[in-house]
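Asker: Chain A is fixed; fit chain B onto it per the hints.
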Amino acid sequence: MIKHALSTRLWHWVNAAAIIVLFMSGLNISNAHRYLYWGNYGFDPKDAWLSVIRFPGWATLPQHYNLAMARDWHILGAWPFGVGLLFIWVAMLVNGHFRRRLVTRPSDWTPAAVIASLKAHSADGSDAGHGYNPAQKILYGGVFGVLLPLMVFTGLAISPGFQAAAPWLLEVLGGRQSARSLHFIAAWGLFGFFVIHIVLAVTDWRLILEMFTGGRIAAPAAAVPPIEEPITEGAPDHG
Amino acid sequence: MAEIQRRSLLAGVLALGAGACSKIAASDTGQSLFEAAEDGHRAVQRALAGKQGLAPEYTRAERSPTFKGNGSVTVEDAFYQEQLAKGFPEWRLMVGGLVEQPLALSLSDVRALPQRTQITRHDCVEGWSAIGEWTGPQLSALLDAARIREGANFILFRCADTLYGNAYYESIDMVEAYHPQTIIAHLLNGEPLPEKNGAPLRARIERQLGYKHAKYLTGIEAVASLDDIGKGKGGFWEDLAGYQWYAGI
Numbered sequence: 001m002i003k004h005a006l007s008t009r010l011w012h013w014v015n016a017a018a019i020i021v022l023f024m025s026g027l028n029i030s031n032a033h034r035y036l037y038w039g040n041y042g043f044d045p046k047d048a049w050l051s052v053i054r055f056p057g058w059a060t061l062p063q064h065y066n067l068a069m070a071r072d073w074h075i076l077g078a079w080p081f082g083v084g085l086l087f088i089w090v091a092m093l094v095n096g097h098f099r100r101r102l103v104t105r106p107s108d109w110t111p112a113a114v115i116a117s118l119k120a121h122s123a124d125g126s127d128a129g130h131g132y133n134p135a136q137k138i139l140y141g142g143v144f145g146v147l148l149p150l151m152v153f154t155g156l157a158i159s160p161g162f163q164a165a166a167p168w169l170l171e172v173l174g175g176r177q178s179a180r181s182l183h184f185i186a187a188w189g190l191f192g193f194f195v196i197h198i199v200l201a202v203t204d205w206r207l208i209l210e211m212f213t214g215g216r217i218a219a220p221a222a223a224v225p226p227i228e229e230p231i232t233e234g235a236p237d238h239g
Numbered sequence: 001m002a003e004i005q006r007r008s009l010l011a012g013v014l015a016l017g018a019g020a021c022s023k024i025a026a027s028d029t030g031q032s033l034f035e036a037a038e039d040g041h042r043a044v045q046r047a048l049a050g051k052q053g054l055a056p057e058y059t060r061a062e063r064s065p066t067f068k069g070n071g072s073v074t075v076e077d078a079f080y081q082e083q084l085a086k087g088f089p090e091w092r093l094m095v096g097g098l099v100e101q102p103l104a105l106s107l108s109d110v111r112a113l114p115q116r117t118q119i120t121r122h123d124c125v126e127g128w129s130a131i132g133e134w135t136g137p138q139l140s141a142l143l144d145a146a147r148i149r150e151g152a153n154f155i156l157f158r159c160a161d162t163l164y165g166n167a168y169y170e171s172i173d174m175v176e177a178y179h180p181q182t183i184i185a186h187l188l189n190g191e192p193l194p195e196k197n198g199a200p201l202r203a204r205i206e207r208q209l210g211y212k213h214a215k216y217l218t219g220i221e222a223v224a225s226l227d228d229i230g231k232g233k234g235g236f237w238e239d240l241a242g243y244q245w246y247a248g249i
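Residue numbers (my numbering), protein chains in the order written: chain A, 1 to 239; chain B, 1 to 249.
So that you can see chain A by itself, here it is in the shape it has in the complex (with noise of 0.2 Å):
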């Protein structure tokens, strides 16, 4: 059985080249405001709630500031983003991946379970159970529920154009400011995942490698059918 769907490899690295080019462009234009502030207005240093630092031209795009082709790149970089993420949400739904690796239970939110799965994670590299882990779980989860969602509609919502077609969603978002503010931690909370993800997927090169090929399940020890999963998914999960 492959271990990672067409659909999964597919989105995977268009997304992943999507959010570099929006990541970067991103902090290019961060310079040309480097203050953040709560609620729908907001001009003033001494209003700010965090004054940003000047990113440099290294980890930017274009690698020197360019407001105008910064924007270039993030509208362009927002489209396989923002339908990137609609697919992958479809997908995942259809074909059970939602339902069997991101679903948690009650019990994969007790700080037991996390300390276990962390702790058997590091102690032998691997899983012994099938799917993802309660820290898997969670992980995963806040990324594809919260944070990837967030970037989207607080990057609508911060569009004056948008605005016009969904006032609401300032309105739950506080203000255009304050969506200003959420887009760019949601930003870094995402860039806070991709370390970690980078981190772990460079312990093993298989696991990249897998993302490209699909990756194959080990077939169960036993020939003793699993009864409680229909789907046997024994392989090491890393990131």
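Hints may contain errors.
DSS-like, lysine-lysine: derived pairs with alpha carbons at most 30 Å apart [stated by the list, open to error]:
{"#": "1", "chain 1": "B", "residue 1": "LYS233", "chain 2": "B", "residue 2": "LYS86"}
{"#": "2", "chain 1": "B", "residue 1": "LYS51", "chain 2": "B", "residue 2": "LYS68"}
{"#": "3", "chain 1": "A", "residue 1": "LYS46", "chain 2": "B", "residue 2": "LYS68"}
{"#": "4", "chain 1": "B", "residue 1": "LYS196", "chain 2": "A", "residue 2": "LYS46"}
{"#": "5", "chain 1": "B", "residue 1": "LYS196", "chain 2": "B", "residue 2": "LYS231"}
{"#": "6", "chain 1": "B", "residue 1": "LYS68", "chain 2": "B", "residue 2": "LYS233"}
Derived coverage of chain A by chain B (criterion: at least 3 residues anywhere in the stretch with Cβ under 8 Å from a Cβ of chain B; other residues may be distant) [claimed, not checked]:
{"#": "7", "stretch": "1-15"}
{"#": "8", "stretch": "163-170"}
{"#": "9", "stretch": "174-186"}
To be clear, the hints were calculated from the coordinates, so they are not data collected in a lab. For each residue, glycine too, the CB sits at the ideal point set by N, CA and C.
Answerer: Coordinates of chain B only, in the frame set by chain A:
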């Protein structure tokens, strides 16, 4: 050792990526990709909001305590400074181009037209926002009085200010020109426009970013094409720095 190799590989990949990106951006394919992406956003926004969909309006209590002036905050011109001191008695707003009846409106003519007052948010391309109460006639009233001719596709704003040696100008399409919140404002928070905010007249294009809201207006022209105006990109910042002509994103 393996760790160091991996790190230099990663750095190499990043540098390659950045180099590839600048090559893409400079190419014709890259430019048409950017344009297609921008057109797509405009099409989706217009489809969802409708041509007449309104930008949010606020209450007086929700206004920002002051309204930031940005870009040009003065006009270094003897006639302008003299008119500013006197309250613009001889200032004229010309309405021309592809129209049946060109107009030259004084400030009292502008004040005599039906007025719209709206408390709206101004979003600068840089990221900041301010909220103010604007009063003035709808642009559509001026265009109807001048009677737009067949073939007019854009409305051009001519301005008294110059930046980096070039005259400021902007343009919008006919959808935005006939939008109910598109007004020629002469009051900000109930007072004549301050100099830094574009006295005596400025455009309010409420569904687009601040650089569209041309200040120090001297003329409004209906045109078929933007190609022969300035450097042909439809606005001062579009010509100078490559800003997106559609500023709703």
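Asker: Hint by hint, say whether it matches the structure.
Answerer: Evaluation of the provided hints:
1. B:LYS233 to B:LYS86: The hint is violated at about 36 Å.
2. B:LYS51 to B:LYS68: holds (29 Å)
3. A:LYS46 to B:LYS68: The hint holds at about 14 Å.
4. B:LYS196 to A:LYS46: Status holds; Cα separation ~20 Å.
5. B:LYS196 to B:LYS231: holds (26 Å)
6. B:LYS68 to B:LYS233: This hinted pair holds, its Cα atoms lying about 27 Å apart.
7. 1-15: violated (count 0)
8. 163-170: That given contact holds, which follows from 6 residues of the stretch 163-170 of chain A lying within Cβ reach (below 8 Å) of chain B.
9. 174-186: Per the Cβ count (3), the hint holds.
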